[in-house]
Amino acid sequence: MLEVRDLSVSYGAIRALHGVSLRVERGEIVTLIGSNGAGKTTTLRAISGLVKAQAGTIAYEGQSIAKLAAHEIVKLGMSHAPEGRGIFPLMTVEENLELGAYIRHDHSEIAKDREMALTLFPRVRERLKQVAGTLSGGEQQMVAIARALMARPKLLLLDEPSLGLAPQIVQTIFKIIRDINQRGTTILLVEQNAHMALQIAHRAYVLETGAIAMEGDAKELAKSDEVRKAYLGVA
Amino acid sequence: MKTLAQHISEISPARAFRPVAVFVPWVVCVLLALAVHFVSPLLVNEYWESVLQRMGVFIVAAVSLNIVNGFTGQFSMGHAGFMAIGGYIGAGVTYYGSLILHGSVGDPNFAVQGTLLMLAGLVAGACTAAGAGYLVGLPSLRLRGDYLAIVTLGFGEIIRVLLELTPKQVSDAAAVKASPIVSFFGFNGATGFAGTPAYANLFWIWLFVAITCVIAYRMKTSSSGRAFLSIREDEIAARAMGVDLTKYKVRAFVLAAFFGGVAGALYSHTGVNPSPTDAGFQRSFDIIIMVVLGGLGSVSGSVLAAMILVLMPELLRDLQQYRLVLYALLLIVMMLVRPKGLFGVKEIWDLSRGDRKQPVGKGGTP
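Line by line, the protein sequences give chains D and B.
When we follow numbering that gives the first Met the number 0, the leftmost residue of the first sequence carries the number 0, and every step to the right adds one.
When we follow numbering that gives the first Met the number 0, the leftmost residue of the second sequence carries the number 0, and every step to the right adds one.
Check before you lean on any hint, since a few could be wrong.
Restricting the straight-line Cα-Cα distance to at most 30 Å, the calculated cross-link-like pairs of lysine-lysine (DSBU-like) are [as the list claims (entries may be wrong)]:
no., chain 1, residue 1, chain 2, residue 2
1, D, K51, D, K111
2, D, K228, D, K174
3, D, K128, B, K339
4, D, K174, D, K128
5, D, K153, B, K246
6, B, K345, D, K128
7, D, K128, D, K153
8, D, K51, D, K74
9, D, K111, D, K174
10, D, K174, D, K153
11, D, K174, D, K222
12, D, K66, B, K246
13, D, K111, D, K128
14, D, K228, D, K128
15, D, K51, B, K167
16, D, K51, D, K66
17, D, K51, D, K128
18, D, K74, B, K246
Hints in this document: simulated from the structure, not taken from any laboratory.
Throw the hints in and build the complete structure from the sequences for me.
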């Protein structure tokens, strides 16, 4: 479904990614784990067109998307829930969700997707009329994911959904991510919380200083010594 | 409470053509303009009529600036530049047009044609300003915050200096006819362009006030309005939702500049001579203050703030030289009492419905 080859991205003189290759198959949850500054967010942003790729190819459903603008990529069915929750703080939760469906005009279908998103996130339903900035961190994250679902994505890109959240809320959110996947949405999940990410993912990539250091089955990687030492904090 | 989406679906369910919804606001615009035009002479003298004209011009200016500074959150400080472009082009079309077509300027027998010339000049001025808005809008794609403010400030100053360098005004009809294009740029340098007849009466000014407000409010409540507001709140998230940043930022600048040009063209037809200082930052600041005071993103806020800020110096005239001190003091007090402007991003009619909790700061509580 998504095939990234030799992706390189620089911010000015600083090279953030040198030659990242990864692949996501339809129906999978693939996770990209790594420490701070490894280039996880940059990879995700390059895929969704928020930053320009210097070199390499990005193919989505057989079509090259490396040169497309972010808004064109959204129309192809790829939706990105940005890091740090990236919600619209002064709008109501409802308005946030409506903006998620910004590219769509099929009103009755939008209503269905809204209903589905609200079923997945009952907390979001309770907060519909509230200004999004007043929500708790976990609730804001839920809004961000629900909003991304409103575009009815075939591929959902999630950037650190566990960032700064209490462990219990992380549990809830990851359970919902798995639900979303089981309903047929392919997911590329960027995470620092390797423990949680490896639990729900099918396959995983480990990113270190802008390059893929390891890849493989998520369960296998979780057992490997290097990953256990570096990312799971077990000796 | 109705959400924006419900409003939109009521206004345009699946883009169906609804003549009532489409035409009624424009009819209301004309009626309002007629009302102001015919009622105000009964209530106030000529001096206050001129204040009403000035008020209308600044409402148009403030509401149009709100499209950029309020809706999209780009900080433009060069709005007076767009106004001056519209003002000079508009005045030029009327003045030199009258000379060419009639041989003299301001002849009462030529008033009807003169008014048509004013409207032509208004369109020409607004379109030129919109073109300039396009050029100024482009850097907004790469610059934000303070840096964009500096660029737009620079734009206004460039217009001011260019206007100071314009050649002398030509008042001889034969000379204008001989070389119309060269004479058209005779804007009389630093002295200012004099002699444009005051064709912009209360009807025309308030007609454009109403039109500008209707268009701005419709923009705000349409789906593209949502796109503007999303850019203002979080550019990355807006792009991730599929909002075309380039298109909307440039569109905001072009529209704001267009109506800024309208405001300028109207102003130069109220008997006020346009001069290069009209493009300077003092004027730009005046308009920014109106927008901020009214609330960034609030159309009705800009209208009310423009009214207050035009009226205040007039009402305080008895205090003579102290009035500007008091004026500044009132501004400070207002910003202390209502730091988000009069209405924030809301409209005056939203205020009674207090069911929306406002967050304390950007991002709210974690």
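Quiz item: Which numbered conditions among the earlier hints are violated in the structure presented, ordered from lowest to highest?
Solution: 1, 14, 15 and 17
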